[in-house]
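S.K.: Protein chains in written order, with the numbering used here: chain U, 1 to 614; chain X, 1001 to 1366.
It is possible that some hints are incorrect.
Stated by the list, open to error - Just a few of them, taken from the derived set where beta-carbon distance is under 8 Å, the chain U residues facing chain X:
#	residue
1	M42
2	N277
3	I371
4	L375
5	F380
6	P384
7	S386
8	S389
9	I569
10	F591
FYI, nobody ran anything at the bench for these hints, they're computed from the structure.
Here a beta-carbon is modelled for each residue, glycine too, at the ideal position from N, C-alpha and C.
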Amino acid sequence: MLAVATGGVFARAPGNQCLSTSLVTKRIVAMPHFINRAVDWMEERPSRGIIFPLAFLGLLYVIPLVGVVGLSLFPKGAFSFNAYKEIFETGLFGPAILRTIRLSLIVTLSTLLLGYPFAYVMNKAGPTLRSLMILIVIVPFFTSILIRSYAWVAILGARGPINTLLRELDLISAPIPMVFNELGALIGMIQIQLPLMIMTLYATMRRIDQNLTRAGESLGAHRLTIFAQIFFPLSMPGVVSGLGLVFTSTLGFYVTPQLLGSPRENVATQSIYITINMLGDNSGAAAQAVVLLVIVIGLLVGLRKSLGTRTGDSENVRPGRISKSLVRFPAALVVLMGRFADVVFWIPKTAGILVTIAVIVILTITMVAVIPLGLSADNFLRLPPSGYSTRWIESYLTDSEWIESTWFSIWISLAGAFLATILGATAAYAMSRWEERRGKAWMELFLISPMIVPQFVIALALYFIFIKIGLIGNAITYVLAYGLFGFPYVFLIMLAAFQRFDIALVQAAAILGAHVGAIWRRVVVPVLAPAFLSAGLFAFLVAFDDLVVGLFMSTAGRYTLPMRMWADIRNEISPQIAAVALVFLVLAVFFALLRSLIAALRRRRLGRDIRITP
Amino acid sequence: MTQLILNRRKVLVGLAGAVATPYLNIRSAAAQGSGEVVVTDGGGAWGKAQKAAYFDPFEAETGIRVVAAASIPNGAYRASITAGAPASDVTDLSGADLGGFIKEGLLQSIDYDLFAKEDRDSISPVPAHEKYFPSLFYSLVMGFDTQAYGDEKPQTWADMWNIEKFPGMRTVYNASEGPATGAVFETALMADGVAPADLYPLDIKRAFAALDKIKPNILRYWAAGAEPAQLLVDGAVSIASAWNGRISALKSQGQPVDLSWQQAVLQWDGWAVPVGAKNTENAMKFLAYVAKPEAQARFSEAIEYGPTNARTFELLSKERAALLPGNPETVKTQVVQNYEWWNQDSGNGKSNLQLVNEQWQTWIAK
């Protein structure tokens, strides 16, 4: 990767590099003195660049959350704990919180059981199968959470394909209720969280030194023993980190339980929403949000060791830490079983393959369902449709309101992703050059926390702040919120990229006299272009899929696309939103093909002697 | 600390406003009948009907531009008023929600001087109010799957509750989002034998006891108007409480569903102007316009919501009128929901709405 990248930079324009450097130097001279001093101060220690993302997070993340705490403590302008007392007295929020924790636990364990075999197969697979599997993991991001919930209703419904099939096979007499209950909410949430679990596990598995398992093999260990004694313990950090990430982020889900679950099983966010909207009790809602926030922060601090990114740090993949007795048990068993172990090995292997296939189905089924739904000729949701036509696609493309919302969503998401990319990349660069060991884990934890603290709570917090300073109604509110939500994703992707990045390039450029701006423009960005692109894409998708910010920030004439879809789901039963989803699916496939075409052309141009690793 | 900063901010904004106001007035006086008015639209088919019947013709007639604003959750709307920057100049609130907004002093008095006298006087059966103006009627009716039952179709709420005679799953409104909104308690009491005239004050305990009886057969507690219609078409439920327009829309598409107007609960929304609206004068002109029978007739042609100006029925065909909630024929078999009772204090500082909401959440989780 690096060989390719550096080759690219130097092949591009070795000649005019000097020219632009001298231009930059001239411009610096013309700058006021204090800016020069500030630049010097930053260059002295590159980790100081962290102040920009920190200032942003301070203003748009810490202060709003502190504001929510304040609101909960000043119900009518005067200090009191009444809002908290009310929570206990009505006794409704407690059960909701317990339920939220229980559901999150089930989701977390299910994603682990489903995700581990998948990640394992992905790790062992050849390059073609692996990139195909990565694609399958990423694919769900291209259909919005709203549309996925909507597709689940059609798939799992009483007259949906699953119930119809079971009935035709005479396995059941009455349809099984799979949606509008806890099961429906769980299925929806598991699908959404699976990619997060798989990617976390896969990242750890890839770092496991293959020589260890090979050594085990050459020493004659059974494959069952190798897995139990070498591979599994080494993958434990990924398991713990996946469990922590999935569990904490599931606590804040709103849309999926609202659309697929039952009010009999209201989760914490639904309770907050009812309190603010139906009861008009802002302080009560704030107090509930604070309780949820305290739980999440408590978990974050408790799990900080396993949640930290710590990429490139080889300690965490050392087998020594794992309790010996646990590991020895299966090994002894394998010896006892003798040849029978081969038969036993076959069971988990088959189960693993079956689970992998199940995961592929779970991840892609909603996207597949969107195709017939979007081409339906019916007036309402029916799967499969009674006839096919492009009428709903036409009605989307010819409706000025839908198109207006689409453009609005695209541009605010682009602007938000741009902001997130700049801040996230700056933070990742600073952290990758952070030399002190102390405080690093805490800082990283803080930087990824906007991904884990319920978006719902952050949106509520931002809403109170924006309304106080009169910003509501301004599109900038979306851009700032999306910058915040996209930030941790960009940070994680760019941090991984910087860890593989040869910092000597930056130093070389600096020695040659390049200014910070020039180094970024001419070295860092071109070298890491693919990482920047995927980070930006992720930030864009997070923003484009957002409904929570939209629910709070929408005002006159500012209707985001997910908001319009939300209104459509609530008001109409037409396949309209599936048609919208289909249009975007086709666009996504088109861009994905275009991208691989460009990549293929570039590979040819670079020649065959340079090996390319993804 | 935060509090202090924000207060100072508010003062600054207020000051800026005070300085700017005279200039703004001069501008609007110079260009009378111009400018704009921001109106919350209902979205979907409702929003389209509003645009065709009210927004576009009003704009053409007065030259005042109508900006349609996205409908946002009540909590967000309330907060926008308290912050001094209402999300729109005119909004549509349900009859149940209006009470709370009025109690908190969030709505302006309507300038009825701008209204034609005969328009104001023909607002019925819910009269025009100082703080709001009824915008439309809709009905919570009983809808059913015609294929599920033979010759004898369910007609009353008691039939919906009679699982032996009319087997199958049910769907009722999720009262967590508003105890009055889906008339769950009114329908439960009528099913239990309370005469429509004796409904209020509601015997909530008795209503819960009645709800206990069909709880095992409730498949889904619906939240959005589209849901019961979808559930009936899916065959997931056989009887649903639903808003009339949803069911009749399916019926007109040839779907095997029907509805009963008997004991239907007549509900209504009101137009209101929030305190601090930027274009108050235009907002009042807009309200005077939507009170006209001609405008309301256009609206009720476009969507199955009943007009609030009784004279509108003179302009509608008999067939169309028969479909509309609040029409002189079906109104006799209907119950008008008593929002006043819902907003009354339940005795401990909480309104009936708030108290029943809490009880419902406890009941539903059981």
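S.K.: None of the hints should be skipped; say for each whether it holds.
M.R.: Now for the hints, and whether the structure bears them out:
1. Interface hint status for M42 of chain U: violated, as the beta-carbon distance to the closest one in chain X is roughly 29 Å, over 8 Å.
2. A distance limit of 8 Å between C-beta atoms decides the matter here; for N277 of chain U the minimum to chain X is near 4 Å, and the interface restraint holds.
3. Annotation: I371 of chain U was flagged as interfacial toward chain X, and the flag is violated, the nearest CB pair being 20 Å apart, outside 8 Å.
4. A least Cβ separation of about 19 Å between L375 of chain U and chain X goes past the 8 Å threshold, and the interface hint is therefore violated.
5. The criterion of a C-beta within 8 Å of any C-beta in chain X is met by F380 of chain U, whose closest approach is roughly 5 Å, and the hint holds.
6. Checking P384 of chain U against chain X: minimum C-beta separation of about 13 Å lies over 8 Å; hint violated.
7. The interface hint given for S386 of chain U is violated, since its Cβ lies 11 Å from the closest Cβ of chain X, which is over the 8 Å cut-off.
8. At a threshold of 8 Å, the smallest CB-CB gap from S389 of chain U to chain X is about 15 Å, leaving the interface hint violated.
9. The beta carbon of I569 of chain U comes within 7 Å of a beta carbon in chain X, closer than 8 Å, and the hint placing it at the interface holds.
10. Checking F591 of chain U against chain X: minimum C-beta separation of about 29 Å lies over 8 Å; hint violated.
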